[in-house]
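Trainee: The residues making up each chain are set out below.
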Amino acid sequence: MEERKPQWDRMLLAALIAALLFTLGLLLGHLMSLYTKSNTEILTQSVYNDLMETQIQKDLLNEYPCSDQGLTLLSGRLDNIGSTLDLLEKRLGIENEEVLNIKRMYILLQLNHYLLEEKRNKECFSNDTLIFFFYSNVDSSQKGTDIANILQYARTNYRNIKVYSFDNQIKLDAIEVMKTEYNITALPVVVINSKKIDRLNSINDLLSYI
Amino acid sequence: MTSPMTVIFYIMGFISLFTSVLYFLSFIVENKKLKAPPWKGSLPKVSVIVPAYNEEKSIAKTIETLLKLDYPKEKLDIIVVNDGSKDNTLGEASKYKKFIRIFTKPNGGKASAVNLGIEKAKGQFIATMDADSFVNSDALLNMIGFFQEKNVACVTASMLIKDPKGFWLRMQAVEYAFGVFLRKAFSLLDAVHVTPGPFSIYRKTFFDKYGGFSEDTITEDTEMAMRIQSKGYRIRTSLTSVVYTIGPNNFKDLYYQRRRWYTGFLENVIKYRKLLNPKYGELGVLMLPTALISIAFSFVLTVYSLKTSINGAIDLVRFERSIGFDIWGNVNPSFFVIQKTVISLLSSPIFLFGLLGNIAFITAFIIVKKYTKQKLHVLLGFLFFMFFYIIFFSFWYTVSIINIIFLKNRQWRKE
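Here the protein sequences line up with chains A and B, keeping their order.
Per my numbering: the first sequence = residues 1 to 210.
Per my numbering: the second sequence = residues 211 to 625.
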C-alpha cells in the first residue's frame, strides 16, 4: 500500500490564514463594540442637551401652553434614547456605570416630559394618558417583561398614551417620593393616570383603565 | 462571562474557517488538476452497469442518456441488471435491447445487482449508474482521463438534482451543488469517502483484486470508497462531468434515504476506523475527524436552537395574545432601530463568521457553476438550506445513531 503523508505545509498555511481571518473577525467585533462605546459618550452629551432643552421648552410652554410641537419632538427623542439604552444594556451590561449614568439622565428627562405633559393636560384640556412603569432590571421577571412589551405596544399604537419607565437601580429623590405616594413596595408596578394597577395581562386590561 | 455555547461556536467557527480555507487553497494550488488530462491513445472499453428495481418510470430515459454518451459506441458496454422488479422495468429496458445487454435475477439488493453486472462486464473500466439518474453526454470523456494516473481506482461525477421544484428538492439542490464543490475539494486532498451510485467509474482490476460491492452494508458506495482508501488507491472527482439524479420530494422518502446514508456512513467509519490515522493522509487526520465533530456540533446546535426557538415562540405567543394578535401593531422599523440592529450584529464575531461562511458558500456555487456549466437553481433553495438543513441534518444523524445503538431498521430495502 502506498502510504500517504498529510500535506502538513498546506494545512499549516490554511491554519494560519484561518487564524488571521478569525482574529480579524474578533477584532472587527471588538471595534464595533468600541464604536458602540464611543456612541455612549455622544449619547450622554445628547441626553444632557435634551435635558437642558426641556428647561427652555418649559418656559416656552408657559407662554404657549397648548403648542405640542416641542413635546412631540421630545417624545421622539425619548423613544430613541430608550431604544439605545436597551442596546447598551445588552452590549455593556445592566450594571455598567456609563449606562446607569445615561439612564439617570433619561429618567430626569422623562420626569420633565411628564411635568410638561401634565401641565398641558390641565391647561389645554388634553386627555393624554400618563403611565408610570416601575420595574427592576436586576431582579427581572417574566411578569415585568410581559408588562414592558404591552406598554411598548401601547406607546407605538396609541399616540395619546405616554409611558415613563423607572428602573429601580436608579435612586432619585423624585422617584422615591412617587413610590411612597403610590405605596409601591414590590415590583413591577404600573400606575395609570395616578392609579396603581396590580394586574396588566393584555392591552385590553390597559385600555380598560383609561 | 463567556457562555459554554459561545465557546463551542468559536471552536466550530475556527474549524469551519480552517477547512474552508484549506478547500479553497487546494482549488488554487491544484488548479491544473481540476480537469482530467485527455486520454492518450485509443480509448479504453467501459462497461456501464444499471442496477434496476421497480424503475419503469425513469429507466428508459437513463438508458437514452447513456446511449447519447459522447464515446465510441464499440467501446461502450451498457448492462441493465433487473433486480427482480415487480413493475415493467424489464419491458422498458427491453426496448433498447439492440444496444444494451440485459440480465435478470431474483431480488437481492443493489450491491448484488451491480456485482452480477461486474461479473458480466467486458470493459477495463466499470461505471455504475442508478436507474433514476441521467448523465450529460460529455461526462464519460471528461472522467476517463483521470485513470491515466495508475493508482486511481475510481472517478466520481458532479451530481446535481433533476428539476428541483418545491421545498424538499430545492433544499437538496443546494446541498448537491455544494456537495460537488466539497467532493472535488476532498478529491484534491485524497479524502473522498463516498463514491455515489449515479455514474462513478471504477478500475475493473480493483474489483478483481478486492472483490465487488459489499452486500452486507446498507451503503455499498460508502463502503467501497472507504475500501479503496484503505487499500491505498485514489479517488478522483470530475467537476465537468454532470449527472442528474431524482431526489426524494417529500419528508418521508428523504427521511428513509438519509437514515440509510447516515447509518451506513457511521457503520463504515466504525468498520474502517483504522483510516483515522495520519498514514491515510488528510482523510485520516482531517476529513473523517471533522465529519464526526460536525455531526456532534450539529446535534448540540439543533438542541440549542430548538430550545431557544421554543422559548422564543412561547414568549411571542404570550405577547401576541396580550395584544389581541395584532401581528403588525408592534412593528416599528425606523432607520434608528435598523441602524442599531446592524451595529449590534456587526459587533458579534459569531455573526461575522456566519457572514464569511455565506461568502464562501456563494463562491463555491460560482466555482461549481463555472465548471459544470449548468443552471444550479439554488437561489430560493439557499434560504431553505440556511434555515432548515442543519436541523434535518442533525435529526437524521440522531436517528442514525439511535439506529446503530439499538440495531433497529438496518435492513436495507432491496432496491
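Keep in mind that the hints were calculated from the coordinates and are not lab data.
Beta carbons: idealized from backbone N, C-alpha and C, even for Gly.
Each hint should be verified, as a subset may be incorrect.
Unchecked claim - Only pairs whose alpha carbons sit at most 30 angstroms apart, straight line, appear in this in silico BS3-like list of lysine-lysine:
{"#": "1", "chain 1": "B", "residue 1": "LYS462", "chain 2": "B", "residue 2": "LYS489"}
{"#": "2", "chain 1": "B", "residue 1": "LYS242", "chain 2": "A", "residue 2": "LYS5"}
{"#": "3", "chain 1": "B", "residue 1": "LYS414", "chain 2": "A", "residue 2": "LYS5"}
{"#": "4", "chain 1": "A", "residue 1": "LYS5", "chain 2": "B", "residue 2": "LYS360"}
To be verified - Coverage of chain B stretches by chain A, computed from C-beta distances (three or more under 8 angstroms per stretch; other residues unrestricted):
{"#": "5", "stretch": "231-245"}
{"#": "6", "stretch": "380-386"}
{"#": "7", "stretch": "525-531"}
Trainee: Each hint should be assessed against the structure and marked as holding or not.
Mentor: Cross-check of the supplied hints:
no.	hint	result
1	B:LYS462 / B:LYS489	violated (40 angstroms)
2	B:LYS242 / A:LYS5	holds (21 angstroms)
3	B:LYS414 / A:LYS5	holds (27 angstroms)
4	A:LYS5 / B:LYS360	holds (18 angstroms)
5	231-245	holds (count 5)
6	380-386	violated (count 0)
7	525-531	holds (count 4)
Of the hints listed earlier, those the structure fails to meet are numbers 1 and 6, in rising order.
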